[in-house]
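Numbering (UniProt numbering), first residue to last: 1 to 1226.
No lab work stands behind these hints: they were computed from the structure.
Please note: incorrect hints may appear among the correct ones.
Okay, the calculated beta carbon distance ranges per label pair [as the list claims (entries may be wrong)]:
(1) 361 / 45: 56 to 66 angstroms
(2) 578 / 790: 16 to 26 angstroms
(3) 1209 / 1144: 32 to 42 angstroms
(4) 1067 / 719: 45 to 55 angstroms
(5) 308 / 158: 27 to 37 angstroms
(6) 1007 / 615: 51 to 61 angstroms
(7) 700 / 790: 36 to 46 angstroms
(8) 719 / 434: 49 to 59 angstroms
(9) 546 / 513: 19 to 29 angstroms
(10) 703 / 788: 39 to 49 angstroms
(11) 719 / 875: 49 to 59 angstroms
(12) 42 / 137: 43 to 53 angstroms
(13) 578 / 1067: 16 to 26 angstroms
(14) 1169 / 543: 52 to 62 angstroms
With a cut-off of at most 30 angstroms between alpha-carbon atoms, the simulated DSS-like pairs for lysine-lysine come out as follows [as the list claims (entries may be wrong)]:
(15) 788 / 638
(16) 50 / 22
(17) 89 / 40
(18) 509 / 581
(19) 366 / 509
(20) 1221 / 1182
(21) 555 / 580
(22) 1108 / 1221
(23) 954 / 716
(24) 581 / 638
(25) 22 / 862
(26) 553 / 1094
(27) 714 / 435
(28) 329 / 497
(29) 190 / 329
(30) 982 / 965
(31) 396 / 382
(32) 716 / 396
(33) 715 / 700
(34) 252 / 435
(35) 435 / 862
(36) 638 / 570
(37) 327 / 434
(38) 659 / 604
(39) 329 / 708
(40) 715 / 580
Glycine is no exception: its CB is placed at the ideal position from the N, C-alpha and C atoms.
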Amino acid sequence: MKHLSMRVAWHDSKWNGTVCNKPNINSYCLQLPRIYENKKDDEPANAEWKDLEPEQLPPCKAEGGAFMSPNIHRRGFTHPYQSFRDTHKHLEYTIYEVPPYTTFAVPYWWMLEKNQDQISEEYPNLIQNYQKAPFRSPWIFDHQRQHDIVNNFFGELDSNESLVLFYTKSGQPINEDIRRLLVGIGEITKVGNTLSYKKSGEGNDYPIWDRQITHSIRDHVDKESHKGFLIPYHEYLELPDDYELKVDGEIKTKDELLEEISVSLLELGQDLSRIDEFSYGSEHIENRSMLAILSMLREIVTSIQNHGIVKGPWRKRLQWLGEQIGKTKDRIGPFPSFGQALVAFGFRHGHLFAKDIYDLNLCDPKGNPWDVFDRALHGRVKEITSEKYYRELQEKQAIWDGLSYELQELLELLSRFNLTARQIKKWYNPDLRKKFTNLSTETILANPYVLVEDDDPEVDEHGVSIETIDSGVFEDKAIQGDSVPADKYRVDSNEDKRRVRAAIVELLKRAAEEDGDTLLSFTEICERINALKLPYEIEIDTIFLQAHVEYLKEKLTHITTNSIQALQLKHYDDVESYLKKVFVARALKELESINEDWEELIVKTIEETGATFDPENQRHLDALEDQAESLEKISTHKLSVLHGPAGTGKTSVLGAFVKSKKLREDGILLLAPTGKARVKLGDMAGTEAYTIAQFLTRLKRFDWKRMKPRFIGKKKYRSERTIIVDECSMLTEDDFYALFQAIDMAHVERIILVGDPYQLPPIGAGRPFADLCSWLDVEHEDQSELDKRRKKAAKALARLEVVVRTSGGADSDTLALANWFAGRKAGKNNDSIFERIGDNEKLNDLRIEFWESDNEIEDLFKDVLIDELDLNGEGDYQNFNRALGAEKNGFFPQDNPEVVENMQILTPQKNPIWGSYSLNRLIQENFRERPSNYWERTLGDQHIWEGDKVIQLKNEKRKPYKEDKQYQLSNGQIGYVFDQRKNYLNVYFSGHPKLSFGFSSHDFDEEGGLIELAYTITIHKSQGSDFNKVFLIIPKDSPLLSRELLYTGLTRAKDQLVLLVEGDDFSWISKYSNADSSLTARRNTLLFNSSIRKTQSAIPYVENLIHKTNDGTFVRSKSEVIIANLLYEEGIEYEYERPFQTDDGWRLPDFTFIDPAGDLIILEHLGLLHKQAYKEDWLKKKTFYEDHGFILGENLFVTVDDERGGINSQKIKDQIIPEIKERVLF
């Protein structure tokens, strides 16, 4: 007997048998292909399905859209081949009545032709010789085989015994990072019979794959309904955003309460192989998985009960869960992977042998099958007569007897865990094991949790989890009978130190991969470990960690600072130590100047790009001096950094650098993290550039099976003497470590790291480029207190300051706005941009439109697209193609696929109505021509077709059409579908001119495809790219908004930026310019400075990344910290960046005070007054102040840094502070 999973689309009215309350805004369901294809804009909101004709039902009828309906409704079925295949034309449209609390399950995975060999091996009773499809189809064609499969699948479900779990994929409003979200559980009260189509003539009787499943779940408040329940997400979502509740003495927010009741089926510590049971629409759930989920649900219901937000018979539901746990345990045996272990041992028919010994009652369900296997090997089980494996069994006797007792014991131990044969083999076989770990068999037997700690799965494998090991080492006689775990590996306590250490290792790995943290504090480790939703919960505190610190140090590094203790994976301890040594040592090493005329090369580079250098323009002269000085720095250090905000001319600097004949003689290697960045860098230099993965692959230092770099290898790079690495903000600590390990450091003369540290941090461990830039930046430090080595190394930092990009001869408004979200002080009059926002006539390369609610965004979006792209309304396919880069004939140029990046729409997320999924569909429906004939194939959930703009989602190697060589396609690479040939869609990608890459249905599965639509992409996906025109969506309620996300989005446009902002003004966005909204600064690293959050919600103090004053105020520069602390010491109250509003504009003064009359006093700090452009900005701002009654020395005061960035704190304390103190109220 098995249980059932059923995928449902998110419904805003709890699947209650009505159309959604707001069907046009509920975009979460669009992730499912049948809804994506068929959803209409005019669905009748709140209409009851019972009152609709079958043809009027919304498309979620095929995705459980009314599984909670208390009423009968009707649904119609049309066979998909009926209209165009003679084999199916006799099958008529058929309507069936759907009882209350009933929906349809479809076992899609089981109906795929590619899976039939596996199914036949496991179920030999099914019809084996069946007719294959006479046309191309991924599905079983034979009607008898279809009947067999459907009947077999649903035959393993028992009414009133089997349970059903309803889940959504990531298309839900709870958290789009949750890949499988459980929404309800109940008993299956009835499994319907096979449904058939009406027939209009002779022909085979093909079954309807959909089978009716009736369940026991009822409304929350139904006092008699306790055999199942929905998790009350909707009720929690409806709480006010500022809702708080005291739970067990602790105040919790709405988001925290929602997180407590959310059931992700793939969380940290859980068995990741469970995803296979929650895929392809409907699937069987094994009893062992069901037991884990039931145990987790018991804790969830307890939380719901404690919150008291949603009433209902929750106590009875807890009792029901307890009963189900008991029943489920009765059905489970102690060796779930016995068959897989036999296959791993080398017994090819191990699965069949395992099935036979239970079917023949040779082994009790709670018994030890290994005893039966040993007796069968030695001919002492007469009932084993199968010709399929009898001879093989005899052959394996000698091999088995030749195994050491420890290896036999290890194989038996591994069969206690839910593992695949492939996983068991790599751990059981010593030769395979030593390829990734040095663990001995004895060590594994003493501590099976080392499987979690040392597992290194390939891309298509699931890692070993805590829950997986738990199931085989905790004693539970209800499951194991007399076959309880052996003493050496049995676990008697939830807080067994072996288990806790493995949980910490798994947590630290996940924290590095997903959050970028390379270490975690004791307190945060306890918070996150205690929050794990496991059948055997863990509850530890910092005292526990301190008590077991020596044991933990066998796998981890213990970090102690003045106030915080932390743990770090030893790998990242080694990596950070190595990187710091290399960064510092090479930055300290100066090289002789090559005496290049950098100014001449810069001017030449500028002119070659079609731009103009004006020697009469002071800003151009300042920029030229700035850039030439930077070139001298990066050419005279063994390691240097070139960075600057958007518009400061990094491209011109690099272009001039690679023009140097003296440097080119020894060779210059160009590297970048992504395919797009590689292309940009190569175009700029006029030579070939490589992705870092390509570079490492050439040295056999990239593991494509695991999609990550290797840190060791036989070959070192000894060719070009200068290496330039662009877009370094995207590189993780592992990337830098692998790159440096691959380089012969004695051979390579210069390493130049280029990037913008204010962009989004990398996806992965650390923020090494930002950390390095921060450590080298000593401009506003107290020079007298600086370490000599750091002061010398700081000369390796080439920071471009002068913004040269303009629009129509004026400063770029886009860059003026973006600079507020850089992690540095904006230009002195940069706040004037805020007075122009709201009047697009006053803006040059920036346009801003506002939308009040989700109801408005789609119409506004269409109107703005039509206006900006000069379209003749909706349906203007030709002009939309041209906006994308197509030529006049309507075709995209095969020799220049980069044109597809002329225009790009960006948004923070995928799922909401303003997300990429919904906006891509809107563009497809309104501005793209769609296929009209059945033979015109589309691909994937989004029905990708000819002309569609697409993005690659995975790093891979692929052969183009008519090419033998493989080319690297990088995650984030954008292209377009040129045409369709032989069931392939042929894509031309930016960076690969004249190369066509074919994609077919084999490149798409339940989790998505290798490509997806790219008219709209997330801001994260855009990093490393830029586009001529950008449309950027900024919603209020995206949890992903941060300072870096906004800065990255705002700096993607080369020519024009169009913002679509939620709300009626821009003011709410300004909070994200503050340091406490920094995603980069939140990360825990130890590369240079100690940066460790004490708790999960805290913000660590990071020198030069976070500027925090003694009174807790976050400011934008080190000098402002000094000034604020002086004010604080004197007891002077101030406001930092308080808006100063007037009738003709507003500014953001650095410090504002109030005098006894209620008037304002302003203090401005001038950090770069020696720069001409900065000085001009200050004079404009000073004039604004003077025009509104402020007089220098009376109610307007200034402090000034010197040319080296130093600040005279004593002078401020002696001269400025007393003047202000005399005038203020407090």
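Would you list, in rising numerical order, the hints stated earlier that this structure does not obey? Result: hints 8, 12, 13, 19, 32, 34, 35, 37 and 39 break, sorted rising.
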